[in-house]
Amino acid sequence: MTENEPTDHPANAAVSAGDPRFLTQDDLAVDTHQIVGPDGSYDADDVPDLDAEQFRDLYRWMVTDRVFSRRMVSIQRRGELGTFGSTRGQEASIIGSAYTLRPEDWLYVGRAWTPMFMRGASMEDMILFWRGIEEGQQAFAEQNSQVAISIGSHLPLVTGLAWGMDIRGDDAIATAYLGDGATSTGAAHEAINFAGALGVPALFFCQNNQYAISLSADEQTAANTLAQKALAYGMDAIRVDGQDVLAVYDAVSEARERVREGEPVFVESVTYRLDAHTTSDDPTRYRSDDEVDAWEENDPLERYREFLKAEGLWEDIDHDAIVADIEAEFDAALEAANEFAEREIVEIFAHVYEEMPPELQRQYEEFVDLLDRRPELYDYIEQRPKG
Amino acid sequence: MQATIVEAVNDALHTEMAADDDVVVFGEDVAESGGVFRATDELLAEFGGDRVVDTPLSEIAIVGAATGLAMYGLRPVAEIQFSGFLPPAFDQLVTNASRIRWRTRGELTAPMVVRMPYGAGVRALEHHSESMEGAYAHIPGLKVVAPSTPHDTKGLLLASIRDPDPVLFMEPKRIYRSFREEVPEEDYEVPLGEAAVRREGEDVTVISWGSMMPATLEAVDELDADAEVVDLRTISPLDTETVVESVKKTGRAVVVHEGPRSNGVGGDVVARINDEALMYLEAPVERVTGFDTPVPLLSMEDYYFPHPPRILDAIERALSA
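Protein chains in written order, with the working numbering: chain A, 96 to 482; chain B, 12 to 332.
If we strip away everything but chain A, and leave its shape as in the complex, we get (with noise of 0.2 Å):
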C-alpha cells in the first residue's frame, strides 16, 4: 500500500495530502424543522395530515399542559406540594412529540406530565406524584411511564427497554425526554452511543429549554446544535422548532417510524421553559427580562392559534370552556388527592426487595414497636423541619 492512495477500508475512502484538514461543525448545515412561522404564515402542503378533531385535540392538550402548570405553582405557593417545575412555554414541544406515541411504547419524562396523561395517568397521581407520595409513580408505571429526577440517569434504561423490545420482536419504540443540560451527563453519552451501536427502537426527545437550572444551553456545550451530537454515535437526528406543534408532530412522528424499525433518533427541540427551574429558584439572578419577553413573545399557543383560525377550526373551539373543562378536572383531582388515604409505616419498607429480609423485618417491628411506646416521636414527625 502506497501513502495517500485509497484503501478497501470504508473509513480511508477518500484520504487527502498536503495540511491536515480540519472538521468542524460548520462543516454541517443543521437546519431546524418548522411549519408554521412565528407570524402564524405555513405552506398548506406542508401540514401533517390530521383531521379537525386531532388537530383541535393537539390544542386542547397544550391548553391541559398551561393551566396544569399553573395551577401545580399556585398549589404550591399555597404550601401544597413539594417543589414543581413549570413546563410553561414549552406545550408545542411537550404535546406536538407526545401525540405521536402509542400506548405500548414506553415513556420516561424529565419535564413533561401531559405526555403522560395522554396515555391514561390521572392528575390525581401526578399531585401525589409531586407531594412525594409513592403511589404516584407506582400508578404511572401502570401505564409505561415515570417521571425521571437525576438527570439523564434515564437514558441508559431507556435504552435497555428498547433493547427488550428488539430481542421480542414488539412492535413499539422505547422513548425518553431529556432536557438540554442532559446532553453533557456520562449517562446520555454512554446511552446515546449503546443504543446507536446495538440498532434498538429508542427515541431520544430532547427539549433544548436553553436553561439548566441558571446554566444557559449555549454555556452547556461549544456544540452549534444539540442535534449534532447524535452524528458522533452514527445517530440520525432532527432539530425542529419547539413552538411549532405541527413541527414537532411531523418531525417525531417520522421518527417514530424509523425508530420503530431499529434505528434510533435524536431529536432536538428548540424550545423555552418560561417559568422558573422548579418553585424553589429564581430565574431573575441569570436571564435577563427581555430575553425572556421576547419568547413570551413567541408563545407556542398563540401560534397555533392562528394556524386554527386560518384553517376555519378556531370556530369550534371555545377555548374558555377547554379551561374550564380542566380547571373541574384540577379541582377534582386536588380534592381526590386530598382524601388520599392515611400511609401505613409498612410503607417505608415494603417494596425495597420482593421479600423483605429478616434485619429490615426487624428495623420495622422495632420502629412500629417505638412509635407505640413513644408518641411524641410524631411531634417531630408533624413539624416537618426545613434546611
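Just so you know, not all the hints are guaranteed correct.
To be verified - Here are the in silico distance ranges between beta carbons for each label pair:
1) 149(A) - 25(B): 54 to 62 Å
2) 235(B) - 438(A): 33 to 41 Å
3) 235(B) - 169(A): 47 to 55 Å
4) 457(A) - 287(B): 35 to 43 Å
5) 469(A) - 25(B): 42 to 50 Å
6) 323(A) - 199(B): 35 to 43 Å
7) 328(B) - 442(A): 48 to 56 Å
8) 32(B) - 265(A): 53 to 61 Å
9) 426(A) - 205(B): 56 to 64 Å
None of these hints come from the bench; they were simulated from the model. This one's a predicted model, so the numbers in the text were calculated from it and none came from an experiment. Note that CB positions come from ideal geometry on N, CA and C, so glycine has one too.
Based on the hints, put chain B in the right spot on chain A.
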C-alpha cells in the same frame, strides 16, 4: 460574626480564595446564581469567571476534572449540587482521586475538595436526600468530613482545602440555616481527623455527627443522666482515640447517624469500641440510624431519620442494661 452553617461555608470560600490564588470553585449553578443554597454567593463578583465557574451538568467531569486540576497543582473546590447526584462520579473518586497518591507512590497527589449538601428533611425530590457517608468512607485514600456547627464548618472547610489529600465535604443541609453561632472572621482551622467532645459526662457516650447533632443534643438535654456527646466531625479518618477514651470513662455508648444501618459508619464505630474498650463496656453499644431503605419521598421522609425520642430511647436502653 454570627453565621449559619451555609454562611460559614461561604465565608470559608471567600477567605481561602482571597488567600490562595490556586483555589478555584466550580460546579453546577455556583457562579452566576451563587449556588442553589447560596453557598457560593458573591464569589463570582469577587474573584471573577476564571476562578468561579459554572460547569455543564456533568458530575463525572466535575469530580474527575477536580482530580486533574489538583494533580496539576491547583486547589479545586468542586460542588455537587445534592449528595444524591454524586453516585455517577463515584467512579472518579474510587478510580482516580483517592488513589493517585498511592498509584504514583506520592509523585502525584490530588489535594481537592468535593462539597455537597446531604441528608433528608427539607421536602426535596427523589435523589436529593441521601446520607451515604458510609459508602464514601469505605474508599481508602479519601477523607470524609461532616461538620455540625457553623464554627466547625469554616474551620474544617479551610483545613480541607489546605489538606494534601482529597476530601469529601458533606454539608448537613437540614441544619444549613437552623441556627447561628459566633464564627471568627479571621482565618483558623479545625483539624481533620479530630472529634470534638460537645458535652462532658460520666454515664454514657453518645457519638454522632453532621445533620444528627442537634437532635442528639436535644435528646441528651432531656436525659435524666450525665451523657458525654462526641461529634466525630471527620468520618474518615475516624478519631478512634476520642471515642475509646470516652467509652472507657462512661462504660456505655450509643451511635447516632442518619444513613442506613447495615454496613454504615455506626457499625465501624461499634467495632472500634469492641476492639479497644470491650472490657470497659457495661452494656451493648446501641445504634440509632436511618433504615435500610431508600429515603422515603417527602410525604414520609420525617419518619426516616432519628428524632430525639428515638435517640433518647436507645440511650435509656444503654443506661438500663
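Against the structure, the hints:
| no. | hint | result |
| --- | --- | --- |
| 1 | 149(A) - 25(B): 54 to 62 Å | 58 Å, holds |
| 2 | 235(B) - 438(A): 33 to 41 Å | 35 Å, holds |
| 3 | 235(B) - 169(A): 47 to 55 Å | 49 Å, holds |
| 4 | 457(A) - 287(B): 35 to 43 Å | 28 Å, violated |
| 5 | 469(A) - 25(B): 42 to 50 Å | 44 Å, holds |
| 6 | 323(A) - 199(B): 35 to 43 Å | 51 Å, violated |
| 7 | 328(B) - 442(A): 48 to 56 Å | 27 Å, violated |
| 8 | 32(B) - 265(A): 53 to 61 Å | 59 Å, holds |
| 9 | 426(A) - 205(B): 56 to 64 Å | 58 Å, holds |
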